[in-house]
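A.B. asks: Chain by chain, the residues:
Number of protein chains: 2
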Amino acid sequence: MNGAQSLIRTLVGAGVDVCFTNPGTSEMHFVAALDDVLQMRGVLGLFEGVVTGAADGYARMAGRPAGALLHLGPGLGNGLANLHNARKGNVPVVAIIGDHATYHRGLGAPLESDIETVARNVSVWVRTSAAPERVGADAAEAVAAAIGAPGQVATLILPADVSWSDGGRVAAAVPPVGRMPVSGDVIDAATAAARSGGSTLLLLGGPLLADPGALDAARRICVVTGARMLAETFPTRLSRGAGVAPVERLGYFAEQATAQLDGVEHLLLVGAAPPVTFFAHPGRPNELAPEGCRVHPVAGPADDGAAALDALAAALSADAATAAAQPAARRPPRPAGALDAAAIARAVGALLPEGAIVSDEAITSGAPLPAATAGAPRHDWLTLTGGAIGQGLPVATGAAVACPDRKVVALQADGSAMYTLQALWTQAREGLDVTTIIYNNASYEILKVELDRVGATGAGERALDLYDIGRPRLDFVALARGMGVPGTRAETAEQLTEQLERALAEPGPAVIDAVVPQLD
Amino acid sequence: MNGAQSLIRTLVGAGVDVCFTNPGTSEMHFVAALDDVLQMRGVLGLFEGVVTGAADGYARMAGRPAGALLHLGPGLGNGLANLHNARKGNVPVVAIIGDHATYHRGLGAPLESDIETVARNVSVWVRTSAAPERVGADAAEAVAAAIGAPGQVATLILPADVSWSDGGRVAAAVPPVGRMPVSGDVIDAATAAARSGGSTLLLLGGPLLADPGALDAARRICVVTGARMLAETFPTRLSRGAGVAPVERLGYFAEQATAQLDGVEHLLLVGAAPPVTFFAHPGRPNELAPEGCRVHPVAGPADDGAAALDALAAALSADAATAAAQPAARRPPRPAGALDAAAIARAVGALLPEGAIVSDEAITSGAPLPAATAGAPRHDWLTLTGGAIGQGLPVATGAAVACPDRKVVALQADGSAMYTLQALWTQAREGLDVTTIIYNNASYEILKVELDRVGATGAGERALDLYDIGRPRLDFVALARGMGVPGTRAETAEQLTEQLERALAEPGPAVIDAVVPQLD
Numbered sequence: 003m004n005g006a007q008s009l010i011r012t013l014v015g016a017g018v019d020v021c022f023t024n025p026g027t028s029e030m031h032f033v034a035a036l037d038d039v040l041q042m043r044g045v046l047g048l049f050e051g052v053v054t055g056a057a058d059g060y061a062r063m064a065g066r067p068a069g070a071l072l073h074l075g076p077g078l079g080n081g082l083a084n085l086h087n088a089r090k091g092n093v094p095v096v097a098i099i100g101d102h103a104t105y106h107r108g109l110g111a112p113l114e115s116d117i118e119t120v121a122r123n124v125s126v127w128v129r130t131s132a133a134p135e136r137v138g139a140d141a142a143e144a145v146a147a148a149i150g151a152p153g154q155v156a157t158l159i160l161p162a163d164v165s166w167s168d169g170g171r172v173a174a175a176v177p178p179v180g181r182m183p184v185s186g187d188v189i190d191a192a193t194a195a196a197r198s199g200g201s202t203l204l205l206l207g208g209p210l211l212a213d214p215g216a217l218d219a220a221r222r223i224c225v226v227t228g229a230r231m232l233a234e235t236f237p238t239r240l241s242r243g244a245g246v247a248p249v250e251r252l253g254y255f256a257e258q259a260t261a262q263l264d265g266v267e268h269l270l271l272v273g274a275a276p277p278v279t280f281f282a283h284p285g286r287p288n289e290l291a292p293e294g295c296r297v298h299p300v301a302g303p304a305d306d307g308a309a310a311l312d313a314l315a316a317a318l319s320a321d322a323a324t325a326a327a328q329p330a331a332r333r334p335p336r337p338a339g340a341l342d343a344a345a346i347a348r349a350v351g352a353l354l355p356e357g358a359i360v361s362d363e364a365i366t367s368g369a370p371l372p373a374a375t376a377g378a379p380r381h382d383w384l385t386l387t388g389g390a391i392g393q394g395l396p397v398a399t400g401a402a403v404a405c406p407d408r409k410v411v412a413l414q415a416d417g418s419a420m421y422t423l424q425a426l427w428t429q430a431r432e433g434l435d436v437t438t439i440i441y442n443n444a445s446y447e448i449l450k451v452e453l454d455r456v457g458a459t460g461a462g463e464r465a466l467d468l469y470d471i472g473r474p475r476l477d478f479v480a481l482a483r484g485m486g487v488p489g490t491r492a493e494t495a496e497q498l499t500e501q502l503e504r505a506l507a508e509p510g511p512a513v514i515d516a517v518v519p520q521l522d
Numbered sequence: 003m004n005g006a007q008s009l010i011r012t013l014v015g016a017g018v019d020v021c022f023t024n025p026g027t028s029e030m031h032f033v034a035a036l037d038d039v040l041q042m043r044g045v046l047g048l049f050e051g052v053v054t055g056a057a058d059g060y061a062r063m064a065g066r067p068a069g070a071l072l073h074l075g076p077g078l079g080n081g082l083a084n085l086h087n088a089r090k091g092n093v094p095v096v097a098i099i100g101d102h103a104t105y106h107r108g109l110g111a112p113l114e115s116d117i118e119t120v121a122r123n124v125s126v127w128v129r130t131s132a133a134p135e136r137v138g139a140d141a142a143e144a145v146a147a148a149i150g151a152p153g154q155v156a157t158l159i160l161p162a163d164v165s166w167s168d169g170g171r172v173a174a175a176v177p178p179v180g181r182m183p184v185s186g187d188v189i190d191a192a193t194a195a196a197r198s199g200g201s202t203l204l205l206l207g208g209p210l211l212a213d214p215g216a217l218d219a220a221r222r223i224c225v226v227t228g229a230r231m232l233a234e235t236f237p238t239r240l241s242r243g244a245g246v247a248p249v250e251r252l253g254y255f256a257e258q259a260t261a262q263l264d265g266v267e268h269l270l271l272v273g274a275a276p277p278v279t280f281f282a283h284p285g286r287p288n289e290l291a292p293e294g295c296r297v298h299p300v301a302g303p304a305d306d307g308a309a310a311l312d313a314l315a316a317a318l319s320a321d322a323a324t325a326a327a328q329p330a331a332r333r334p335p336r337p338a339g340a341l342d343a344a345a346i347a348r349a350v351g352a353l354l355p356e357g358a359i360v361s362d363e364a365i366t367s368g369a370p371l372p373a374a375t376a377g378a379p380r381h382d383w384l385t386l387t388g389g390a391i392g393q394g395l396p397v398a399t400g401a402a403v404a405c406p407d408r409k410v411v412a413l414q415a416d417g418s419a420m421y422t423l424q425a426l427w428t429q430a431r432e433g434l435d436v437t438t439i440i441y442n443n444a445s446y447e448i449l450k451v452e453l454d455r456v457g458a459t460g461a462g463e464r465a466l467d468l469y470d471i472g473r474p475r476l477d478f479v480a481l482a483r484g485m486g487v488p489g490t491r492a493e494t495a496e497q498l499t500e501q502l503e504r505a506l507a508e509p510g511p512a513v514i515d516a517v518v519p520q521l522d
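Protein chains in written order, with this note's numbering: chain A, 3 to 522; chain L, 3 to 522.
Just to be clear, a hint being listed does not mean it is correct.
For chains that are exact copies, the list does not tell them apart, and a pair is met inside one copy or across any two.
Claimed, not checked - Okay, derived cross-link-like pairs now, EDC-like style, lysine to aspartate or glutamate, Cα gap no bigger than 20 Å in a straight line:
#1 Lys450 with Asp213
#2 Lys450 with Glu293
#3 Lys450 with Asp190
#4 Lys450 with Glu257
#5 Lys450 with Glu143
#6 Lys450 with Glu496
#7 Lys450 with Asp470
#8 Lys450 with Glu493
#9 Lys450 with Asp467
Don't read these hints as lab results, they were simulated from the structure.
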């Protein structure tokens, strides 16, 4: 057994049986070993940003990591932005980077570069496997590092000769570090804060947002204490819709968030970090908790936030019997007339199927989505966790691999779509059930919004020209067709709704190029 | 004057007046300052790999660096592969990475990451500008670092508040480190080697390959001594065609290179590194110089190789009068019949216009190109210097910005094209005169070749499936149209030739989707 074979067998034994990849020569023995270990599924991407983003989306929905097999330092570079997003979302990913043979390093070959240095940008755990005998054990540790609380990117660098040489040994799975229980003292303090009569806010984050039971515990706490609850701005996975306790998200813009947090005296952080602005803006504060507010860190990202909510609910006698019923399905009517972001939101709200997975990278166009879809049947909502655009289509792709029986809906801004549009090809190749709506407003609209907010005075025609992506206008129907995905163009709300209905009714990928106006 | 304004004014003063960019919020004041400093041209890319590759292509042809303005760590990650290629090609690039405001760092905002760490993978010079008063001086040093011998990537990290705050000061250009002259002793030793009567080979590399005078000096040395000459495998820029001394390139595959180097007793390295294999292969040597061959490092990458060749020619009395005439134009006939890589090579040879710039990322399909185009009118040939695919279309884009009066021809493999296809949109937006031929063989053909060579036994259907990019087949006519570039499909040699002729006759970008067979 060579190193590559022991690697794949160890991964499969540890529950990692999907590997997204864009391989090169140095990963060839790994690829060859796929014919030896049939339990591992290789999924090809035409670009590494697709590979890493798909691994992220897969893990969010499968609850276990995929591999992301990349070619040397440049391949890692190409995949770095979506590994950044995975890191920020505490999503487990096992990145495997092929390297030159150990005895080929230092010769200055064209593709030689310092891989570990780049890997450290996104990975807490980085290791270069030194010998075929070590690969299995290294792989088992990589998986444990990735899935250990709070979930992260682990990077295993695999030199070609370590991969191709005999001596590989399969290693048993290593138990990962679990989530830490929250101490009774912390629960007592949180209980006292919630009971104090002051204005209390639960800020929720992390995996408990994907757990309807935890959301219900939070809701019951709010019912009995009068507290409010919010979710972090960019959840990795948020369970919502009919039958799930609804939770609004903290706003992206500081003005929104400040209004939501206004008057809060006790801020209980359960799986969420202290709220800060996305960017700094001249003369405005970065930290969003109001002055004088007491911040209570109840559960950190590596703690068991769901159990903490249960304990808090129990301490407050917020049991199920005392609580109001959760909302049932309540869809908006199908939209009619002009097509804009609000009409798209209503169409999605009207048609989103039970069990859908939504990958949301709609950026400015996404504002009307939460309200319009809150009453749709139960679904999961995946967001842009690390701010590095180009995540939406790959995450949708990976989610569809993880959940072949669920419909995936990608709500995607045009500018961001162009970072990793190659994901459509993987969707076509794998026959994935993903319906993508592109908000084609021909603009980096968010940057025009931010231009005023950062006080960039003096910006004129030449600056605005760099936010205009409508010259020439992108034709996403043609782009999708070029990658084997059927596409249609919608210019009215009726067209969009009909096209969405049809796409959701049929299996396989589809793209709707929705022509929407820019903001005023 | 704020930091951003002082930065742009300093860059313009140092001769950097084009900036390729994909900006975000943290680069907003830089963008706004473009309306203040009209001499700086901003060129937008839809993806950072386009931005950095275009900066590379621009510098190769303009002889001076462009700026590459990127958004935070993820933007640098997306641009890293083509910065790697620039680094390996010793191409000067001034990378400017916007960062969060200094007082926003450490808060854990979504886009926060360690930028310097990633930058060190590709940059010898990295600096984070600490205050608006420092930005001008830092920028002047960055330009000097980039253009100093041998040419490299310099990375200036610009925190948002340093950019937006007042206090900027324009700095004067800093003189760069020049190329080192080669000592008389080294020339004497090389002269003795060339005269020794043993089999001598000049291996040429670096900027002298773009200098017809230097190539002629090398040719004259060969005429008088009986030595042979070769160019490094992947020249940054190779001047060739009618009237230029022809030089064959060292082969990519070890078997080719070994045959070319067979029997060489004296290997004179002039601007080239000692020849090594691209990848290691089990049981084969990495270093390609034959056993017993004496290697003479005449000029390193930072030395003045052109002057060394002149000095060597003078010492050997290899003056112009003794030398044979250089070849005149001699084109192959237009191809007819089935379309394959050889037919495309003949069509390019038959039609390549005087002064053309060829961006060659044809990979396996490129093998017939050198012979078929050697007799075309004088032109420049740009290759994939660092092995990180996805460079060809961006480099073509940047070269076209640098040389608006010359025709650019991109010869592009299909798989590599899909890494940075967004370059076509920038070509359309800027009206760049680039004709792209896509070799559409629906395969990562090079990997199938390497699969045998690396001895990956056991590779079967599942492995080969990961090298098959024909399911679904990419339609580059549709993809080009989606980005505003007219495209045609060629399925015979006649169609290809007619379409190429038409595209070369018309200004602006065009894509030819050339359907070619896979290798046997």
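A.B. asks: Tell me, which hint numbers fail for this structure?
C.D. replies: 1, 2, 3, 5, 6, 8
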